[in-house]
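Undergrad: These protein sequence lines are chains A and B, in that order. The first sequence begins at 1 in full-length UniProt numbering and counts up one residue at a time. The second sequence begins at 1 in full-length UniProt numbering and counts up one residue at a time.
Please keep in mind that the hints were generated in silico from the structure rather than gathered at the bench. Wrong hints could be hidden among the right ones.
No copy labels: a pair is met if it fits in one copy or bridges any two.
What the hints assert, rightly or not - With a straight-line Cα cutoff of 27 Å, these simulated BS3-like cross-link-like pairs (lysine-lysine) come out: (1) K83 / K296; (2) K132 / K273; (3) K109 / K273; (4) K53 / K130; (5) K296 / K22; (6) K132 / K109; (7) K132 / K151; (8) K109 / K296; (9) K83 / K273; (10) K83 / K53; (11) K70 / K109; (12) K130 / K151; (13) K70 / K296; (14) K130 / K22; (15) K151 / K53; (16) K70 / K53; (17) K109 / K5; (18) K130 / K70.
2 protein chains.
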Amino acid sequence: MASNKVTINDVGPRDGLQNQPKVLNLEQRLSLILALEAAGVPEIEVGAFVSPKAVPAMAGTADLFAMLPKGSARYSALIPNMKGFELALEANVPLTSLVIAASNTMNEKNIRMTTQQSVNVSRDVLSLAKSKRANVQAYVATAWACPFEGKIAPDEVYRVTEQLIEAGASGIVIADTIGAANPAQVQSLMGGLVSRFDSDILSCHFHDTRAMGLANTYAAIEAGIRKFDASIAGLGGCPFAPGASGNVATEDVVMMLEQMGFDTGINIPLLLKASNVAIALTGTATGGKAKSWMEKYYNN
Amino acid sequence: MASNKVTINDVGPRDGLQNQPKVLNLEQRLSLILALEAAGVPEIEVGAFVSPKAVPAMAGTADLFAMLPKGSARYSALIPNMKGFELALEANVPLTSLVIAASNTMNEKNIRMTTQQSVNVSRDVLSLAKSKRANVQAYVATAWACPFEGKIAPDEVYRVTEQLIEAGASGIVIADTIGAANPAQVQSLMGGLVSRFDSDILSCHFHDTRAMGLANTYAAIEAGIRKFDASIAGLGGCPFAPGASGNVATEDVVMMLEQMGFDTGINIPLLLKASNVAIALTGTATGGKAKSWMEKYYNN
């Protein structure tokens, strides 16, 4: 039987901050991470080892890792390639994340490689990771739909997932990069994955573009998934995917899961404080869709 | 196997307009109903036969029924008691709706009767309806939770539902009056009801107070429910239930269901026009949670 515990990975400090207009300095980024950690968020995506020219919002991620306390949260960083992985190793990053789009077109537009070429590069990174005893997880992006190709065949997601697990990925995050999945599709694909692979290695990443973020989270829970990405205050999107906007808000996901009787280990009043930090720092975060209700309910 | 067709009952002209500050005149109320009908919404709650002093927004409902075209939509009205039913009969209303709260305290606060007394009054109405060959459906309100009593025992909902079906109700609407249900509870209660009664007679009414309206709709779909209340532009709430606000928006529900491959028979671009009518008339309607995306996607 699936567990009552759910693990939340807050991607706000990376996926969120990378996709909003204001570039924050390292102290501001640190303050958001510390607010999340204070609320008991168990995993936090801290930054990305990408070109500071291409993505100014993620500049100085190595320095940011050096500023982090030895806290209770598990910190991770996105790496686009071997170069990024080497930088992450130097910065002693405990967990790094590769991204492979299930859609060939999306992968080519994003990093100028086919999906298979990208899997091959990931194999090299995972092979080096093994020798260094480093944890590397992999995102399967545009897992349900791609803005260029439309609907993605589940078999393609199974195939990429299998290759990445065989190559040694410590986790696989199935991502609805453009927020196009509906809950029937989520239950179907995640059910298919859970029947093929260990559910403990799987996680979901949803956007709330079509207001289906919570419905999709519930569908994944029904399929047996117990790990989710979410973004504090609903920060985020994807600058390379037309139509992508707004990761599902951590506040909304945690509220729903806790009300369903799941244990996220997160303190909701402190999470609302972290949400206010995100809103104050960016000026663009929404705070999620249930925040006004949550503030009345949990702060009394 | 459950059907691919889903029936939407738009309660905006009644549940919606009754619970927002501005009182509309009959022409304005008619314009909203006609916009919904033009979009192909198959069922519309037109008004209520209640005291115009207590509920000014619903004054003149008999006159409004006289103004309605012989259209394709099925029109209904809320009736609080026998007096309301008699007025509805005089106005040739094709379908009326009784409301019985599963919570005793809520029922007493709302209409000064216990739940059982309210079921007994409903029996009298349903008995007269039988002799007049009139269709009367019944709402089981606060079916999951009540602001005064907290969680409601499913057995209480089964008991009230059974009594109302035996008394001749043409349909039973299970209502999360204060928007407190989570999808696990929805799937559990609706699953229990579907195993006891004909699913065709059952319907769900959700509020989006905690942003779980779509997740709850999906959970009910999973349980086999194929009929839903929703309110155009997210208009609504319940003035007698503290903390209740915002019915789930018809736009959001129709979008999710259509994307899941269900057939609602509703034209989405025309539904967005009806949404704009609701927003223009009231000044308070939100338009639902996916509207900006829907306008880009469906109006191109």
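Undergrad: All hints are to be evaluated individually against the structure, with a verdict given for each.
TA: Each hint tested on the structure:
no. : hint        : result
1   : K83 / K296  : neither (47 Å within a copy, 39 Å between copies)
2   : K132 / K273 : neither (38 Å within a copy, 59 Å between copies)
3   : K109 / K273 : neither (38 Å within a copy, 36 Å between copies)
4   : K53 / K130  : neither (30 Å within a copy, 75 Å between copies)
5   : K296 / K22  : between (30 Å within a copy, 25 Å between copies)
6   : K132 / K109 : neither (31 Å within a copy, 67 Å between copies)
7   : K132 / K151 : neither (38 Å within a copy, 52 Å between copies)
8   : K109 / K296 : between (44 Å within a copy, 23 Å between copies)
9   : K83 / K273  : neither (36 Å within a copy, 51 Å between copies)
10  : K83 / K53   : within (15 Å within a copy, 73 Å between copies)
11  : K70 / K109  : neither (38 Å within a copy, 54 Å between copies)
12  : K130 / K151 : neither (34 Å within a copy, 51 Å between copies)
13  : K70 / K296  : neither (33 Å within a copy, 46 Å between copies)
14  : K130 / K22  : neither (37 Å within a copy, 66 Å between copies)
15  : K151 / K53  : neither (33 Å within a copy, 54 Å between copies)
16  : K70 / K53   : neither (30 Å within a copy, 64 Å between copies)
17  : K109 / K5   : neither (37 Å within a copy, 39 Å between copies)
18  : K130 / K70  : within (24 Å within a copy, 72 Å between copies)
The structure fails hints 1, 2, 3, 4, 6, 7, 9, 11, 12, 13, 14, 15, 16, 17 (numbered hints given earlier, in ascending order).
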